[in-house]
Every structure is written in structure tokens, then in C-alpha cells.
Amino acid sequence: MYMTEHCTFTLKETELKSCHVILRQDLFIDRTVCFPALKGRVYLGVILTPTPKMYSHGSESLIKQAREIQDSELQKFYSRLLKLLKAKEFGHETMDSLQRLHLILSANKYTKTLPAELQRKLSPLLSSPSEQLQVLSTAVLRETLPLPGEEQIYNQENIHSYSLLLSQCSSRTELSSLCTRLLRSLENRQSENQSSSLTHILPILNTILTHSPERLTEDQVTLLSKKLVDWLRYASITQGGAVSSGGFFTGPRSRQPVPIAELDGTVSGDFFTVLCVGQGFTEDQWMNVYSFSMLRHWLLTFHSVPSSVSLSDTDDRSEVDGSVVSMVSATSSSSRLLPPKERLREKAFQYCLRLIEQCDRKAQKKSDTELQKACLVEAVCILDCVCTEDSSLVYRTFPCVKALFGRLSSDLTFARVLLPIAQFYLNHGEIAAVDCDSVWQLVFSQFPAELFNDPFLAYELLRFLRLNVENLQLRVPQYTHSFPNLLKFLAWDGPAVVDDFVDLLPSLVTVDTAVELLHALLDLPCLSATLILQLRTTSTPIAEACGRGLLSLDAFRSPSFRGLFLYLLRTETGSGDTIDRLSTLHELLTEASDWPRVVQCAQTVPVLLHIFFNTVVKVGDVKLLAHLMLVMLERSSLLLKLPTYTTEIHRVFSCHLLRLCKLHPSLVVDQSHDLLEFAGTTANAYSKEEVYTHVVWALGDNLSVSCDSRCSVKLITSCFETLEAVLFEVTSSAPLPGAARPAPRVITSLMSALAKLASRSHDLIPRVSLFLSKLRTVARGGPVPWCSSGEDLSAIVTRGEELWSLLKTPGVAQSVLSPAAHTTTPRWHQDTNLSLPLQLRTLTSLTHTR
Amino acid sequence: MVRCFLIHTVVPVQTLSSGDSRVLYSRSFGPNELDSELSPEDRRLLEKERMLLVVRQVRSTVSLSREASGKPVVEMVPGEETLALQESSSGVIRLRAGEPFPEEMSAIWLAVQSLGFTLVCEAHENLLLAEGTLRNLVRHCLESLHMLGQGSEVLLRSHRIDALLNRLLPHGQLLFLNHRFHHSLEKEVAAYVTK
Numbered sequence: 001m002y003m004t005e006h007c008t009f010t011l012k013e014t015e016l017k018s019c020h021v022i023l024r025q026d027l028f029i030d031r032t033v034c035f036p037a038l039k040g041r042v043y044l045g046v047i048l049t050p051t052p053k054m055y056s057h058g059s060e061s062l063i064k065q066a067r068e069i070q071d072s073e074l075q076k077f078y079s080r081l082l083k084l085l086k087a088k089e090f091g092h093e094t095m096d097s098l099q100r101l102h103l104i105l106s107a108n109k110y111t112k113t114l115p116a117e118l119q120r121k122l123s124p125l126l127s128s129p130s131e132q133l134q135v136l137s138t139a140v141l142r143e144t145l146p147l148p149g150e151e152q153i154y155n156q157e158n159i160h161s162y163s164l165l166l167s168q169c170s171s172r173t174e175l176s177s178l179c180t181r182l183l184r185s186l187e188n189r190q191s192e193n194q195s196s197s198l199t200h201i202l203p204i205l206n207t208i209l210t211h212s213p214e215r216l217t218e219d220q221v222t223l224l225s226k227k228l229v230d231w232l233r234y235a236s237i238t239q240g241g242a243v244s245s246g247g248f249f250t251g252p253r254s255r256q257p258v259p260i261a262e263l264d265g266t267v268s269g270d271f272f273t274v275l276c277v278g279q280g281f282t283e284d285q286w287m288n289v290y291s292f293s294m295l296r297h298w299l300l301t302f303h304s305v306p307s308s309v310s311l312s313d314t315d316d317r318s319e320v321d322g323s324v325v326s327m328v329s330a331t332s333s334s335s336r337l338l339p340p341k342e343r344l345r346e347k348a349f350q351y352c353l354r355l356i357e358q359c360d361r362k363a364q365k366k367s368d369t370e371l372q373k374a375c376l377v378e379a380v381c382i383l384d385c386v387c388t389e390d391s392s393l394v395y396r397t398f399p400c401v402k403a404l405f406g407r408l409s410s411d412l413t414f415a416r417v418l419l420p421i422a423q424f425y426l427n428h429g430e431i432a433a434v435d436c437d438s439v440w441q442l443v444f445s446q447f448p449a450e451l452f453n454d455p456f457l458a459y460e461l462l463r464f465l466r467l468n469v470e471n472l473q474l475r476v477p478q479y480t481h482s483f484p485n486l487l488k489f490l491a492w493d494g495p496a497v498v499d500d501f502v503d504l505l506p507s508l509v510t511v512d513t514a515v516e517l518l519h520a521l522l523d524l525p526c527l528s529a530t531l532i533l534q535l536r537t538t539s540t541p542i543a544e545a546c547g548r549g550l551l552s553l554d555a556f557r558s559p560s561f562r563g564l565f566l567y568l569l570r571t572e573t574g575s576g577d578t579i580d581r582l583s584t585l586h587e588l589l590t591e592a593s594d595w596p597r598v599v600q601c602a603q604t605v606p607v608l609l610h611i612f613f614n615t616v617v618k619v620g621d622v623k624l625l626a627h628l629m630l631v632m633l634e635r636s637s638l639l640l641k642l643p644t645y646t647t648e649i650h651r652v653f654s655c656h657l658l659r660l661c662k663l664h665p666s667l668v669v670d671q672s673h674d675l676l677e678f679a680g681t682t683a684n685a686y687s688k689e690e691v692y693t694h695v696v697w698a699l700g701d702n703l704s705v706s707c708d709s710r711c712s713v714k715l716i717t718s719c720f721e722t723l724e725a726v727l728f729e730v731t732s733s734a735p736l737p738g739a740a741r742p743a744p745r746v747i748t749s750l751m752s753a754l755a756k757l758a759s760r761s762h763d764l765i766p767r768v769s770l771f772l773s774k775l776r777t778v779a780r781g782g783p784v785p786w787c788s789s790g791e792d793l794s795a796i797v798t799r800g801e802e803l804w805s806l807l808k809t810p811g812v813a814q815s816v817l818s819p820a821a822h823t824t825t826p827r828w829h830q831d832t833n834l835s836l837p838l839q840l841r842t843l844t845s846l847t848h849t850r
Numbered sequence: 001m002v003r004c005f006l007i008h009t010v011v012p013v014q015t016l017s018s019g020d021s022r023v024l025y026s027r028s029f030g031p032n033e034l035d036s037e038l039s040p041e042d043r044r045l046l047e048k049e050r051m052l053l054v055v056r057q058v059r060s061t062v063s064l065s066r067e068a069s070g071k072p073v074v075e076m077v078p079g080e081e082t083l084a085l086q087e088s089s090s091g092v093i094r095l096r097a098g099e100p101f102p103e104e105m106s107a108i109w110l111a112v113q114s115l116g117f118t119l120v121c122e123a124h125e126n127l128l129l130a131e132g133t134l135r136n137l138v139r140h141c142l143e144s145l146h147m148l149g150q151g152s153e154v155l156l157r158s159h160r161i162d163a164l165l166n167r168l169l170p171h172g173q174l175l176f177l178n179h180r181f182h183h184s185l186e187k188e189v190a191a192y193v194t195k
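Taken in sequence, the protein lines are chains A and B. Take the first sequence: its position 410, counted from the start at 1, is 410 in the UniProt record's numbering, and no numbers get skipped. Take the second sequence: its position 186, counted from the start at 1, is 186 in the UniProt record's numbering, and no numbers get skipped.
Note that these hints are calculated values from the structure, not bench results. Zero decoy hints are in this set.
Below, in silico cross-link-like pairs of lysine to aspartate or glutamate (DMTMM-like), each with a Cα-Cα straight-line distance of 20 Å or less: (1) K71/B - D454/A; (2) K112/A - E49/B; (3) K195/B - E93/A; (4) K195/B - E131/A; (5) K112/A - D42/B; (6) K109/A - D20/B; (7) K109/A - E33/B; (8) K195/B - D96/A; (9) K64/A - E49/B; (10) K366/A - E186/B; (11) K64/A - D20/B; (12) K195/B - E89/A; (13) K64/A - E153/B; (14) K109/A - E47/B; (15) K71/B - D594/A; (16) K109/A - E41/B; (17) K226/A - E187/A; (18) K365/A - E131/B; (19) K109/A - E49/B; (20) K366/A - E87/B; (21) K48/B - E68/A.
When you get a sec, could you build the whole thing from the sequences and use the hints?
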């Protein structure tokens, strides 16, 4: 409960006890802790800081001790442990010391090497009769390195040795020799009745398969496929001993064989699956579980090995002897003539059909109901996998998958099962000529709208979209139209899903949807707040007074604002790019600005906007880009008021406004009316400094004949006059008390823009020069009301003087302030003889020679 | 397959810098960095760093998710394991390829008060099954290591977790276990703990 540092403190009686316990708990049993207690007052050098429960000071101190242990102490500990391990009997102390050794080794980031003698004493423990010793020695050995030259000493055939071998394996060659060893032991153990279980072999094989599937030979694939067929399809259909294999009691009790049962308690009439229950299980039933658990991965990977053409061996068990004829396999009696891989595919198919049928039964245990769902997911995924491998299975599979969809689609608790079904429809719907609309209705409309707050569904649905994005874009028009709905995942749990949207967003940007998408992204925090309100409305009845009265909740319930919220909650595109009363909506949601979920969501918007703009310049035409430019100008003052949100968005807008203008300089002439209106509004210079300076910059840079031949003197003059008026206003009037002063950057960018425009229309030069000279006079006269910092003011004046002297030589001014496009191309910067700095230096020397 | 199972803190620990977590238990399955030039020491170090990276991500996800939900974390005492599990929050994080595993992974987490339990599994894994398995593992850990209390059994009896994983998650393999299979494994685990 308390962390220690040096200081004095007072403890209550009860706290004293707990503190004592903690301090006594030491890494080494033989070290006692001195505890000078003085009736409620203790001098120990401790400061009290409550730490969260479940992670006590004791644990922290143990880890610290393990990390800071001195070498001499460690050596003493090693030799004591060695002595214990040399004894004939291992007692509690041995176990305890081993556990502490493990703690010391694992708490340290860098590997500690054990004395060779100690290490050699540890490896025989792997096959000790005591499981505790096996587990502990494995844990310790896993944290150390094998002795040089003795890497392969863990040759006992038990789960612990294998686990060590796997974790210390460093090359694929080692893995494949381990694989050969395991398969040989599988082969040799065909019908023997040995005590140790086979079960651990399959997971190890699956691990090897994960790490180096290409290492399997064709024979190995054939062998394992045959084995899997046996375990999957022909496991015993009577219950095993009263206790599972490997339990306390060995030897089956003598009694009549009892058939296995289904999850609803009825006697099972078909082959054994993971959804069959009994009092105990036989080894092949355990193998059935292990086989099914690795089946999908096996089916996904084994086709990387070339297929065998030979027919299967005759020693396979047939469907009639010793097994039941399955309802689901009645149509495929010829399957045993298939080659092993095809045969496994066929059996996997049958197994899945049976599982799907078994999932229809009402399980007696809640945990089994959950398992049924997981089995449905697995079964549909396996069916998808076998159908991909062998398209002739599609026709046999679709009726079953279709029926399953029909059965589950009305129940949203099965949503996560319906996703693999959607994947199946997407992969095979075309071959089977099946109508998929109801599937997409569910995935794109109902799921996001109703299950946006389920983190697992969100993850799986977005993963489904990510994996199939190209296919969906091409074949499922509902996908791009459903973005208002899909964004609900982002609005609800931004940090968790933003990564997926980084990948998905480009696919949602199309010429038709771009404008609506931009508005939707900007209003994402509003959507976030609305979803919170929606959930609160459904969870708390109107009559109930909930905590504090939320004005936004009242608004959400009010019929007069219903339309605004419904617009945000729309499930698909097409009801207009945005709404008229956006500012009303923002006002209604003002109180949401400090809701953590809304704030988190707002933080994801800038990065998504960057992605949006980077994509839209690739897909959009000039007309669309012009529209987006206007949206940016308009929305820069129409955002939900969140701390820093507006600034962040303005920064993104500024960056992309300039990029758009650079990409299509004629956009500035096209949109000059709106840009000038924006730049001519003095208030914008104060409230939207970032966007404002960039707009001014873009005007100054791009209003020139070299950018667009339509750029007339009249346009340049009108722009000049607009900017001049603003500059005059911000530098002549004192701001009202409490109001902000214009940013120095706004003033300098206005001055630069004016100078640039004047350099293109020389009639304007005297007007700029007059202003600049006035500015210098005013600044020399002392502090000015519109600029508080002397440093800023002198920077502004310096810039003014530079521009002024440039403009004295109009030809020079033009080449510096409106350089031809080819001078700013990268080649010029790379070429030291022709670079702009060099050009500038030459010009400077010319202007200063007088 | 599951790549690793971790138990770690998800709240600030005074002795650590903010954002850092203590890993109380970690178990990775299978080999790592096959055929690399790295020495065995470096491979171990790399693995430890990888796990720390995962833990850091889970920790920030948990705090963001707790902040967003606005629900206070209720303290429980030993004996209330079922309730603690009901009150826990959980979720899943996507670990992009190379961040930090070479292939894409999913990290499923479950947070009980100040501790987080995390399973890192391959991206194609059945998450419903993984979620159920994680819940089971957490329940067993809470109960058999008295983790709702003040002790340090998670450090001093970590072999119990090893034994539990050997059965419920052998070599990282997620298993489709119905309640009867589960029951027989649970009996073995219980026998191991009482031995």
C-alpha cells in the first residue's frame, strides 16, 4: 500500500501491521528486516504514498531486489541452490529457491549466465516426476542460454523439453529437424497405448508451421493430413474414463461404454466434435479438439507444399468400420478415394457442416454458448478456406451458409459471427450468383449504427474492410456510401481505430463523396458527442433525473433540433454535403467540449484530414479542388469550440491551401472573389491568423500573369486595395482593451503580398513605398499600440525596409518577388552556380553599391 | 497461435516514469528472430523490448478507454474475483507489421483495476476464442494467485501461471474447449496448485 523513500512518518495501528508484513516479504528468506516500532510512531525512512491495489509495494521491492542483487550475494545463492539440487529429495525450499532464481533471471533485462554445474543440474529436472519441478526448471532454463555445445540436450520427449527447444531455436534448419522428430514420433505411435500424451505435438507442429511453412516436405504434409482426418472424423463416440487422460486416476473404470452427448444433453447420433460432451474423454477425443483447433491454420498453409497425385493409401479407416455414417457426409461416400489433402478438405467440410448444425442446439452452460459462437466463426472461416481451394465445394456450401445467415441475421448478438459469413459471400457470392444486398445492409448499415460501441466488433469489422478494401471498392457500392456510418467507430473510440482509418480513408475519398466526407471529418467531434447523447437517451428514461442536467441532452430530445442530430447520425451519404444550421448544432454541443471521448476523437481529426487532402488531390479534378478550397474558407470559422481543435484544423487547412495553389495556380484566379472576401475581412486576421496569413501569401504569390493568363491588372489592383485596406486598419487603430493585437506574421505577410503585387503592376509601387516609409517613421517614434514587443516591431520594420529597397529597382523586385517558375524548381537549388541565394547575393550587391 | 501472454501494471507506478509499466509476468511462445545474425542474448533482449512496447501501448489504450468511459475503477478484495472480472474492461489493439512484431498481430487486453492481462495473437486468429481464453486465464490467475489482495504471489508463484498456460494455451495454441474439457483441465490445475 505504501511506497518508500527517506523520511519520517506516523502510522496507525492497523497500517503498522500491514507495513510489517510487506517489509518482511523479502527476496531471500534468510534476510530479516529490522523494524523498530515505537507505539504508533515509526522511524524508518519511509514516505507514505498510497499506490493502487493489486500491485503492492512488496512486488515492486521484490523486482527491485532481483534487479539490484550483488554478484557476491548471487554466487552464494547459486551455491546454496546447487547444494539443494544435489540432495536426494527436493523439498519446499528447493522449489522456493528455483522460483526466486526465476524471478532474478526474468526481472533482469540482460541475460545472466548460470554456473555450468548448476545449469547441468537443472536440465534433468525437466523429466522429474514432480510437475512443479518440471515447470520451474523449464521457466528457469528459458531465461538463460543453453551451455555452448549443449544446445540440444533437452531431448526428452515431453512438453517442457519441446517448449524449451522451440523458444531457443535460432534457425529454420533446427526447426525442420525438430519437425521431423515430432512427425516420426506421431507415426510410431499409431496404435500404441503409451502413457504420455500426444496432444502437445500438434501445437508444436502448428508453431513450426507458423514460422517456416516452407520447411515441410510433401510426405510430412501427407502424413499429417491423414492423421488429422483420423482424429477429426473418426474419434471415439463413447465417453472416456471418468477423469480425463493425464489426471490422477489411471486406468479406465470397468463399465459399459456410454455414448457421448450433445451440448443440450441429448445423446449424440453423429461423429465426435469439439461440441460433444461426456464425463471424460479418450485420447483421440482430445486429439479431435487439438486437430480442430489447428485445422484452419493447417488448411491455410499446407497448400504451399506441392500437391500429391497418388491416391490415398488403403490403410485409412473407412467410413463404415468402427465409425458412424455421418448425416453430413452421406453424400460423399467416395471421399476415401481422394488424395490425402483433398480428403482432409472434404472431412474439414463435413466437420464444419456438423458443427454449424450443432450450434443450433441450446447449450446448457453459458460458457458453451460462447464456444458455439467461436465455433461458428471458425467453421465459416474453414468453409471459406476450403471453397477458395476447391471452388466445386462452393455449390455444396452455399445452402448451409445461406441458411445460417438467415437464422442469425436478425440477432445482433451474433454480429461477430456474421462477419465471416460476409467474407464468405464476398469471396464466393459471385460464383454462386447469390444476391448479397442483405449482407451488405447488415455490415454497412446496421452494425456501425447499432454496435459502434463494441470494441471487438469495431476491430473485426474494420479489419474485414481493410483486408477486402479493393474488392469492396470495386464490387460493393454500399461501401463508399456508408462512410457517415463507418465514421461512428472513429467518433466513439478514436484512439483505438484511427490506425485502421489511416488505411481505409483513401478508399472512401471519391469525386462524389469528397465534399461530404470533408464536412463529416470536421464534424467528427459533434458526432462523438451525439453518440454519447444517443446512448444516454436510450439508457436513461426521460423522466429520470440524471446527475446534472445536460442542456445538450434536452436539445437531443427536442423535436425542433431532431433533424440536426439525425443528420449527424445518418447511415449513408446523399442527404446533402452538410446542414445550414451547423452553428446552432455547435452551440447546442458547447458543453461537450470537455467530454474526454469528444476530446480524444477531436485529436484524430488532423491526421485524417491530412490523409484526406493527400488523396483528394490525386482523385479530384480542378472543379472539386476549387469547391474544397471554399469549404476550407467557410469551415475555418464553423467548428465545434474545443480547446486547440480550431488551431489544429487551421494549421491543416493552411498547409493544404498552399499545396492546392501550388498544384493548380489557376485556382487562385478562379476563386479570387472568395479569397479576396476572406482576406478583406479584418476580423479574420485576428481570429484565424494561420489560415489568413496563408491566404494572403497565396494571393500574393499566385495573382500574376505567369500563373494564369486571365490575371488582369484590374484584378491585381483590386486585390492590392483589399489587402492594403486591411493592413492600414490593423496598423493604424489601437486594439480595444482586452482584444488581441494582430500577429506580427499577419503584418509581414500582408506587406510581402502588397510588395509582390506592386512588383507586377508598377503603378502600385508608390503606394507601398509610402506605407513602408510611414511605418518606419511611426516605429522610430516609439512603441505602437498594435505591437507590444519591441523585437517584433523592429523585425517588421526591417522587413519593410528590405521590401522598400527592393521596390526601388522594379526590375529587380520583380525577379526576386515574382520569380519565374523555373527559378524555383529544385534543380536551381542544387546547382550552386545558379541557385537563388547566389542570385539574391548578386542583386543585393547591386542595390547596395550606391 | 498466441505469441505471448503478459501481466503488467496499467496505472502509474511511483518508481517508474509516467507511461512506463511493470511487467509482472511474461511468457512468449515459439522461436523468435529465426535465422537472424543476432546472438542469443540479443534475441532475448529484443523480445523483452518487444513485450515492453506492447505493454506500453496497452497501458495507454487502457487509460484512454477508462478516461473516455468515465467509469471509476472500483476496488475489489479477494473473494470478489467474479465481480472484478465482470467490472473489467477489455479491448483489442492492432499491432502493425514491424510494430513490434515482424508480422501484423492483434493484442487483446483485459484490465482489472491496476493490472492488465494481454494476449498477443496472430492477426487471423479467432478473436472470440482468444477473448474467451483470456477471460479464463485471468479468472484462474486472480483466484489461484490471490491477485486482488496485497501479496506478491504473481512473482513468487509464477510457476502456477506456467502450469495453467501449459494446459489452457499449450505452446500458444488456442483450444476449442467445451465445459467438460475445461472441467477436466481445471481439475488438473487445481491439483497442481494444491500439491
